[in-house]
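Quick note, the sequences are listed as chains A and B, same order. Residue numbering for the first sequence follows the numbering used here, beginning at 2 and increasing consecutively. Residue numbering for the second sequence follows the numbering used here, beginning at 887 and increasing consecutively.
Honestly, the hints are just simulated from the structure, not real lab data. For glycine and all other residues, C-beta sits at the position ideal for the given N, C-alpha and C. Take the hints with a grain of salt, since some may be wrong.
To be verified - Chain B is faced by these chain A residues, among others (derived, beta-carbon under 10 Å):
| id | residue |
| --- | --- |
| 1 | P82 |
| 2 | P92 |
| 3 | R229 |
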Amino acid sequence: MTDVPVLQVDEISVSLSGRQVLDHVSFDVRGGEFTGLIGSNGVGKTTLLRTILGLQRPDSGRVLVSGMPLSPRSRSLGYVPQKIVVDPDVPMRARDFVALGLDAHRYGLTRRSPQQRELVERILHDVDAERFADNRLGSLSGGEQQRVFIAHALISQPKLLLLDEPLANLDPRSVQDIVALLHRVARGYGVAILLSAHEMNALLPVMDRIVYLTGGRAASGTTDEVIRSDVLSQLYGHHVDVLQLHGRVLVVAEPGQDNQDIPQHPTLTLG
Amino acid sequence: MHVVFESGFFTSAPVRTALIIGAVTAMVSSVVGVFVVVRSQSFAGHALTDVATTGGSAAFFFGLSPLLGFIGGGVIGAGAMDLIGVERERRRDLATGIVLGTALGLAALFLYLDTTKGATTGATQQLLFGSIFTVDPSTVPLVLGLSALGLAIVVLINRPLLLSSLSAELTRARGINLRGVGVLFMIAMAVSVGLSSIAVGSILSTALLIGPAAASIRLTKSLHASLMVAGVLGVATTWLGILFAYDSFYWVPSSQGLPVSFFIVSLIFIAYLMSGLPFVRRRFDRPPRANSAGASNQASIEALEVGA
């Protein structure tokens, strides 16, 4: 882990269709750091990631990657979108999709070098996807597909990997596997990870920092610094309690308070 | 020999021209068709065939080459679809439907004018269902040039096109010009539809565009294999169709010959049906290849230093 910020989000504000989605959001991500971007559905996590990627122009503020504004063809960022629906009939092996991460931006026919083919094999090995590398991408399970998407993003050896809700729609075992994989990747590759999720507990063992997003505003820091009653109450604009139970963190609103913005475990009844 | 190849098949100039034009147009259509199917743009592809009909019938009316009309109509239609939003998933059917309806109206007008102008229905038959044996040999260089153009476009954009077929968001994030890639592909599609209109007619060119591609996609796991199988299927069904149409002159009781387009489309349909048969799929479904790089066992995250 290094002290050089790989990503600097500086006072970003974004409005969509007249609605203020992000309001002066600032945070840094450093090399090799695992950062969770936590917030409930519709709170602006995807908008923030799209802004970092340069796909959404901010009303104000700036995004710097390794101290420089992001260029459209920058390979400093790897990205796993929230939704890639692959028809099972599409003739695309998992291996081919990973290789496409190397040269999808290139025009014309170029033969991949032995080093590039070896790199594909190594990435497939590192994400534990070798056993289904020759299967059609669309025929894989959700967890298997996530491994392939992560490999696709990693193969260009980015400094920062952005993942938009990669744990959504996965069973608990697959969630654990993907989180462990990403933690390994962050440490082994020295790549910084910014992962959005609406449920933070699965990430607690691996998160170095958290960016907690609600109502367009963000609080960032270590989990202990951010997931506190005083910090989150200020962020929400009303009192919330932070409870620790069996190693899990619960953020709950007082009875009568609007708690719909609180990212919560679906089995919990709050308020 | 006469059982398969009736006399004069290999010495007939119209047959030679048909075999050349049939092969190159089938090759382009099949290759483009694989991407059409992968991108779920079959409806747009079909609409372009109808737009090509409009262009062909208009060209015929004004005394121009129907081939140029087919392709010109297709390119204009592709441009109109792009303007309305064919690349945006939610507007794709809308864009296609609007262009399709307008084009068919214009096609009805020009086909009426073509038939009343010459007092013959031959023009309609030729435009809609093709007449590959009557293609002027002087057209061959133009067909070859346009085929090369269509293939060149697909070769040029094949990787960005493939990624954009799977995820528009990921494509944009890679800094790829999504719209530019989409427009170029629509032009390639218009060219291929125009070319196959010569072989099987504008109405049936959808069959050559979609059929071999759909069959090959059922049989293969990788895009490269799909492209190769689709190309072989397209050329094989077209050549066989030409052979059967030629031979049908000698069949009793027809003695007038049956349309090439009928045979080609029928063979494509049979090929598609056969591609779903278990024993056919098993022959193509080879076990995973050995790891040629041989690196996986030794590889580790820490060892990853190979430059991309």
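Status of each hint after checking the structure:
1. P82: Since the shortest Cβ distance to chain B is 4 Å, the answer is holds.
2. P92: holds, 4 Å
3. R229: At about 34 Å, which exceeds the 10 Å cut-off, the nearest Cβ of chain B leaves the hint on R229/A violated.
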